[in-house]
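J.: Residue numbers (this note's numbering), protein chains in the order written: chain A, 243 to 574; chain B, 187 to 440.
Source of the hints: derived by calculation from the structure; they are not laboratory data.
Don't take each hint at face value.
As the list claims (entries may be wrong) - Computed cross-link-like contacts, PhoX-like style, restricted to lysine-lysine with a CA-CA straight-line distance of at most 20 Å:
#: 1; chain 1: A; residue 1: K563; chain 2: B; residue 2: K328
#: 2; chain 1: B; residue 1: K341; chain 2: B; residue 2: K272
#: 3; chain 1: B; residue 1: K328; chain 2: B; residue 2: K272
#: 4; chain 1: A; residue 1: K567; chain 2: B; residue 2: K341
#: 5; chain 1: A; residue 1: K570; chain 2: A; residue 2: K559
#: 6; chain 1: B; residue 1: K341; chain 2: B; residue 2: K328
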Amino acid sequence: MTRKQKILYFITLHHTGLTVSTLSLVLVLYPLFEDNPYTLGLTNLIAIYVIIVVGLNLFIGYAGQISLGHAAFFGLGAYGSAIATVTFGLPAWPAMAGVAALVALVALVVGVPTLRLSGHYLAMATLGCNIVVHTIMLQWDQVTGGPSGFPGIPSLSIGGFVFDDEVRLHYLLWSFALLALLLALNLVRSGVGRGLAALAGDETAAAALGVDTRRAKIKVFVLSAVFASVAGSLFAHCYGFVSPDSFDIFASTDMAIMVVVGGMGSIWGSVIGAGLLTLLPEWIDVFENYKDLIHGLILVLILMFLPQGLMTGLYEKIRDKVTLKRQKNAAS
Amino acid sequence: MLHLDKVSKHFGGLPALDQVSFSVPRGQVTALIGPNGAGKSTLINCMTGVLEPTSGSIRFIDQQLVGQAAHTIARLGIARTFQNLKLFPRLSVLDNVLTGLNCEAGASMTLAMLRLPYLRHRERRLKLRALEALDRFGLADKSRVPVEVLAYGDKKRVELARACVAEPLLVLLDEPVAGLNSEETAAVGEQLKRLRTAGQTLLLVEHDMELVMEIADQVVVLDSGRCIARGTPNEVRNNPLVLEAYLGQMEATA
Numbered sequence: 243m244t245r246k247q248k249i250l251y252f253i254t255l256h257h258t259g260l261t262v263s264t265l266s267l268v269l270v271l272y273p274l275f276e277d278n279p280y281t282l283g284l285t286n287l288i289a290i291y292v293i294i295v296v297g298l299n300l301f302i303g304y305a306g307q308i309s310l311g312h313a314a315f316f317g318l319g320a321y322g323s324a325i326a327t328v329t330f331g332l333p334a335w336p337a338m339a340g341v342a343a344l345v346a347l348v349a350l351v352v353g354v355p356t357l358r359l360s361g362h363y364l365a366m367a368t369l370g371c372n373i374v375v376h377t378i379m380l381q382w383d384q385v386t387g388g389p390s391g392f393p394g395i396p397s398l399s400i401g402g403f404v405f406d407d408e409v410r411l412h413y414l415l416w417s418f419a420l421l422a423l424l425l426a427l428n429l430v431r432s433g434v435g436r437g438l439a440a441l442a443g444d445e446t447a448a449a450a451l452g453v454d455t456r457r458a459k460i461k462v463f464v465l466s467a468v469f470a471s472v473a474g475s476l477f478a479h480c481y482g483f484v485s486p487d488s489f490d491i492f493a494s495t496d497m498a499i500m501v502v503v504g505g506m507g508s509i510w511g512s513v514i515g516a517g518l519l520t521l522l523p524e525w526i527d528v529f530e531n532y533k534d535l536i537h538g539l540i541l542v543l544i545l546m547f548l549p550q551g552l553m554t555g556l557y558e559k560i561r562d563k564v565t566l567k568r569q570k571n572a573a574s
Numbered sequence: 187m188l189h190l191d192k193v194s195k196h197f198g199g200l201p202a203l204d205q206v207s208f209s210v211p212r213g214q215v216t217a218l219i220g221p222n223g224a225g226k227s228t229l230i231n232c233m234t235g236v237l238e239p240t241s242g243s244i245r246f247i248d249q250q251l252v253g254q255a256a257h258t259i260a261r262l263g264i265a266r267t268f269q270n271l272k273l274f275p276r277l278s279v280l281d282n283v284l285t286g287l288n289c290e291a292g293a294s295m296t297l298a299m300l301r302l303p304y305l306r307h308r309e310r311r312l313k314l315r316a317l318e319a320l321d322r323f324g325l326a327d328k329s330r331v332p333v334e335v336l337a338y339g340d341k342k343r344v345e346l347a348r349a350c351v352a353e354p355l356l357v358l359l360d361e362p363v364a365g366l367n368s369e370e371t372a373a374v375g376e377q378l379k380r381l382r383t384a385g386q387t388l389l390l391v392e393h394d395m396e397l398v399m400e401i402a403d404q405v406v407v408l409d410s411g412r413c414i415a416r417g418t419p420n421e422v423r424n425n426p427l428v429l430e431a432y433l434g435q436m437e438a439t440a
């Protein structure tokens, strides 16, 4: 084995660990080079979306289901933490865990009947759930503050260290995002992950291989709801204010679009999807009135030319090119 | 090993299976033949829990299979292939075969996310077994290839490897050589013979009479949902009812 081959072998063997380590290093150094609070605020928002989209990608991309209602779980996490800490005066961290457990229970209650459905019907059912949760947030104003929102949510802290500026939040939020990425990467590389991929490929075949398809769907739905709930709690503590607008059905469709544009069934694609959909409106700000038009056009173009999503699509294109080149070399 | 007793399946008023009874003995190759629409695939689907028989009983060792979910039946040690390939196009050849070991990979979602050392070891062992299976089926050099780019014959072999990798007690093969050219058919035939020599119990649904006559210990003939004959390949070959229903039909078209 030559030295080059050894290095390549090492990279192939440890590519997940290496990618996670590189990303961690970049994220640790990032605030040293970028101290504009506005830019940091944007990347922090990306971190929150990464947590949701990674979970949602497990459900949509890996298990092949559809949800247009995940903003409901995001919202339940956010309002849950807000109510627990402000109204009931509970400490923030245990509240976040408790709220996530409650949201898991809600997802289980919603998932058991709705996951008997598939395709368009499942999309409609999850959309319906989102509308119900959003309406409760709007109408139950004694508890949620109604349309004007819920202010005064305290910042998170560990001991005396309060996460109250953008740099501190950067480290907190991206730690959670990296943890979500790592957990999801571990999951998809396991037997459970292959079971999910089998489920997406063909339900009959998956069942014939011993996958309890109904249970697997419910489990991954609950898991993705917990990811969204934790992201919601972080969102609430990070901004100190929540209002129902952030959790309507348009937020849900944005999340589903992030999954599709990043790459269905690609965990790293989730980062790309969340990043692109958060930054795109900022980048095309110069177009002013035509912003929405350009935004839509870019998404349509991506889906037309890279229907597998950016990450998966580009990866496959590069892989095909390399294979063709190798074949040509071998032929000559 | 597998005993079917008066199994019937009706779709609406239409009987697809009518009081079918036969047994699949351990360590033998049982072939299930019959013209198109005879109910062979329906029967396999009833055995694997995809469909529930309208009446009758299917016992596997001492377990009743009727009313059990497909995944429970799979976990008892019954693997199958499909008439129309059902591979997972997004996964590599190796990962497709690894899904055949899913019952053994079993860990909860939480443990899988933590990727504890014992799970990593187990994963490595499973990978080795999958690679061995690929080697047995002559696919070792294609383990990392995405399954969708394979030729049809190779895909059939991947499905066969996936069904056999966990060394199940019984393998149900739904037309394993349908759509293959003569070379590929011979290759798959070889694999089946090897499985038979290794003592693997097989139930083979097949139209290729040459293959059936060559490897089956017992042949069961279905026609219009009824079992019209049962016996050794020679007995069945000379059965007038079979000749009329199936082989005769082939001669008529020949």
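J.: Indicate, hint by hint, whether the structure satisfies it.
T.: Structure-based check of all given hints:
1. Taken as a hint, the K563 (chain A) and K328 (chain B) pair is honoured in the structure, with Cα atoms around 19 Å apart against an allowance of 20 Å.
2. Between K341 (chain B) and K272 (chain B) the alpha-carbon distance is near 9 Å, which keeps this suggested pair within the 20 Å criterion.
3. Only pairs whose Cα atoms come within 20 Å are accepted, and K328 (chain B) paired with K272 (chain B) is accepted, the gap being roughly 18 Å.
4. Taking the CA atoms of K567 (chain A) and K341 (chain B), the gap is about 25 Å. The hint is violated against a cut of 20 Å.
5. For the suggested pair K570 (chain A) and K559 (chain A), the alpha carbons sit about 17 Å apart, so the restraint of at most 20 Å is met.
6. Our distance criterion of 20 Å between C-alpha atoms is met by K341 (chain B) and K328 (chain B), whose separation comes to about 11 Å.
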